[in-house]
Amino acid sequence: MTAAAAARAGTGPRVPWLRAPLLFGAMLALLALLVARALYLQWIDNQFLQDQGLSRYSRDLEVPAHRGRILDRFGEPLAISTPVKSIWAWPDQVVATPGQLQALAAVLDLDPRVLAARLGAGDVFVYLKRGVAPEVAARAAALGIKGLHDDDEYRRYYPGGEVMSHVLGFTGDHDVGQEGMELAQQSWLGGTPGSRRVIINRRGEAVEDVANIRSPREGRDLVLSIDSRLQYLAYRELKAAVELNQAKAGGLVILDTRTGEILALANWPSYNPNNRNRVAPERMRNRALTDIFEPGSTLKPFTIAAALDAGKVTPATIVDTAPGTLTIGTATIHDAHREGALSVEQVIQKSSNVGAAKIALSLPAETMWQTLSGAGFGAPPKSGFPGEVSGRLRPPKSWRPIEQATIAYGHGIAVNLVQLARAYSIFATDGELKPVTLFKEAGPVAGAPVLKPETARAVRHMLEMVTQPGGTAPKAQVPGYRVAGKTGTAHKLEGGSYVNKYVSSFVGFAPASNPRLIIAVMIDEPSGSQYYGGIVAAPAFSSVMGAALRLLGVPTDAPINQPLLPADGNAVREET
Amino acid sequence: MVRLNLLLLATLVACALSLVTSRHQARQLFVELDREQASARSYEIEYGQLQLEQSTWAMPARIEKVAREQLKMQLPAAGRVRVLDAGPR
Chain A
1 MTAAAAARAG TGPRVPWLRA PLLFGAMLAL LALLVARALY LQWIDNQFLQ
51 DQGLSRYSRD LEVPAHRGRI LDRFGEPLAI STPVKSIWAW PDQVVATPGQ
101 LQALAAVLDL DPRVLAARLG AGDVFVYLKR GVAPEVAARA AALGIKGLHD
151 DDEYRRYYPG GEVMSHVLGF TGDHDVGQEG MELAQQSWLG GTPGSRRVII
201 NRRGEAVEDV ANIRSPREGR DLVLSIDSRL QYLAYRELKA AVELNQAKAG
251 GLVILDTRTG EILALANWPS YNPNNRNRVA PERMRNRALT DIFEPGSTLK
301 PFTIAAALDA GKVTPATIVD TAPGTLTIGT ATIHDAHREG ALSVEQVIQK
351 SSNVGAAKIA LSLPAETMWQ TLSGAGFGAP PKSGFPGEVS GRLRPPKSWR
401 PIEQATIAYG HGIAVNLVQL ARAYSIFATD GELKPVTLFK EAGPVAGAPV
451 LKPETARAVR HMLEMVTQPG GTAPKAQVPG YRVAGKTGTA HKLEGGSYVN
501 KYVSSFVGFA PASNPRLIIA VMIDEPSGSQ YYGGIVAAPA FSSVMGAALR
551 LLGVPTDAPI NQPLLPADGN AVREET
Chain B
1 MVRLNLLLLA TLVACALSLV TSRHQARQLF VELDREQASA RSYEIEYGQL
51 QLEQSTWAMP ARIEKVAREQ LKMQLPAAGR VRVLDAGPR
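Protein chains in written order, with the numbering used here: chain A, 1 to 576; chain B, 1 to 89.
Worth double-checking, as some hints may not be accurate.
[Stated by the list, open to error] Only pairs whose alpha carbons sit at most 30 Å apart, straight line, appear in this in silico BS3-like list of lysine-lysine:
#: 1; chain 1: B; residue 1: 72; chain 2: A; residue 2: 248
#: 2; chain 1: A; residue 1: 248; chain 2: A; residue 2: 492
#: 3; chain 1: B; residue 1: 65; chain 2: A; residue 2: 312
#: 4; chain 1: A; residue 1: 239; chain 2: B; residue 2: 72
Simulated from the structure, these hints should not be mistaken for laboratory data.
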């Protein structure tokens with residue numbers, strides 16, 4: 001019966017007998033459901049609501065930690081991280097008028113077409129520009145474009161640019177070291193951001209510290225042994241020498257004789273680490289540490305030192321180098337210039353291959369190997385730089401006589417430039433090999449004895465004769481200082497045979513009376529009119545050494561106004 | 001008895017109010033501390049940027065250029081240098 005029918009019948013509505021208990025039961029069931037849900041939320045699945053509640057009044061804040069600086073030995077900054085902004089967007093969500101976009105392109109210094117292309121990418125995440133200065137980001141935000149966001153990032157700057165790039169290396173995304181010292185010292189330099197939980201008020205300000213979730217660890221500063229003034233000098237002169245001689249590459253290393261510290265390490269070609277788009281990876285290689293070459297005549301002093309130390313010869317012993325060739329088995333060794341009977345001193349001064357080979361052949365292979373190995377050849381120099389190579393020095397048992405003869409003048413052995421410079425510390429000191437390092441030392445460092453002191457002094461005297469008239473490198477002279485050193489002009493080895501390409505080098509130290517600096521210069525493939533080490537590399541050595549000694553205030557040990565230079569073109573030539 | 005209770009009630013209210021006040025003060029001070037720390041950080045950042053700027057201006061390459069081109073300075077030739085003997089010290 002319907003309600004309308006009941007009304008017509010004039011009787012009151014008759015409630016069906018089951019309606020009340022059913023409704024009551026249903027209400028009760030719903031109530032039970034609510035209570036159960038409440039209990040469930042309160043005790044079992046309470047995480048979500050608690051998190052929500054927490055987020056109303058608490059926040060986890062990141063505590064930033066920045067990367068440590070790299071400093072030179074006097075505290076000059078060589079690499080600094082500073083916060084920058086990255087501007088990004090989801091192009092689909094960007095709402096902007098053409099005028100706003102034009103203004104944005106101008107602010108970000110982007111080509112409007114590039115900007116339009118990036119914003120036309122659709123439903124993907126795009127960076128519009130990374131690493132912009134905070135002021136620029138603020139101006140971009142002030143344009144009021146919807147859908148534009150910015151993020152904090154760190155960017156590393158290198159004020160020295162291309163001058164220091166090979167030593168320092170660079171960092172990649174998120175300021176993590178990728179090359180050079182930045183890579184090797186990542187754990188020291190890198191900071192770890194921390195995190196803390198705070199209570200915030202309705203304005204979003206933190207009003208109370210609740211917990212320190214993770215303490216931040218700031219990156220630490222790294223002090224290198226580099227002297228930025230000398231580094232600049234080294235780079236400038238090296239670049240000039242490479243360009244003058246139309247060479248392929250070059251390297252220059254300055255060592256402190258008392259501590260073994262690397263004061264400067266320059267390579268050419270170089271690159272600017274602040275802007276390394278489209279830089280070929282080979283320009284980034286620190287050739288002075290990661291490339292090896294056959295040193296040529298710069299190795300002769302070690303042969304002579306081995307012979308002197310073993311008591312086989314004295315500086316005055318006469319060696320007959322006539323007729324300027326020496327045949328061993330099927331191979332013949334040549335001198336670039338014919339000399340007759342030379343004293344051991346003159347073998348070094350005039351750089352005679354035949355003389356050096358003859359002296360070497362009078363020695364057991366083991367003795368020669370000991371001196372070379374003692375001077376650090378064949379082992380990594382352990383400068384602290386990643387990827388340094390050990391060079392090649394074969395064990396003496398495998399040497400054939402011809403090899404022993406060629407090793408005497410620096411072929412059949414390969415070294416890197418830092419190794420070579422460091423090896424000369426046995427002549428610059430009284431026979432001690434100093435450790436080499438890129439980190440600043442507090443004071444003089446003891447070396448490992450390799451030669452008898454009198455041997456080291458005798459060789460030092462011979463090396464001084466090299467830069468005097470009659471030697472191969474009068475151009476290495478420095479006004480006011482006595483200079484000792486040795487030239488090298490080595491044929492390059494390509495595909496197993498020697499070709500008419502050269503590596504010209506000069507390694508020396510000054511002042512000879514009390515050596516303070518060792519400088520090694522290497523010029524790879526000079527293709528100008530000259531290729532002799534005494535003409536290509538020695539002038540760069542001279543200008544760097546002169547300026548460096550003056551900068552360091554080293555007392556002069558020779559009269560300043562008496563150049564001993566012979567007329568040009570009169571210098572003794574040498575090959576290898 | 002009633003008076004003692006009233007006295008205790010008054011003390012309780014006073015204590016409660018002072019707790020509220022000091023809590024509020026603590027929070028205000030904390031906000032201030034936070035703000036100061038933030039500005040300390042921003043000064044540190046600015047210091048880094050200034051250092052960067054200083055060392056960029058003081059790069060030997062730039063100094064040499066200014067000395068040679070603007071100030072017309074040059075290295076004296078070896079013949080024009082006199083070395084003075086400082087004598088025994």
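The hints, checked one at a time:
no., hint, in the structure
1, B/72 x A/248, "violated, 33 Å"
2, A/248 x A/492, "holds, 13 Å"
3, B/65 x A/312, "violated, 54 Å"
4, A/239 x B/72, "holds, 23 Å"
Consistency with the previously given hints fails for numbers 1, 3, ordered from lowest to highest.
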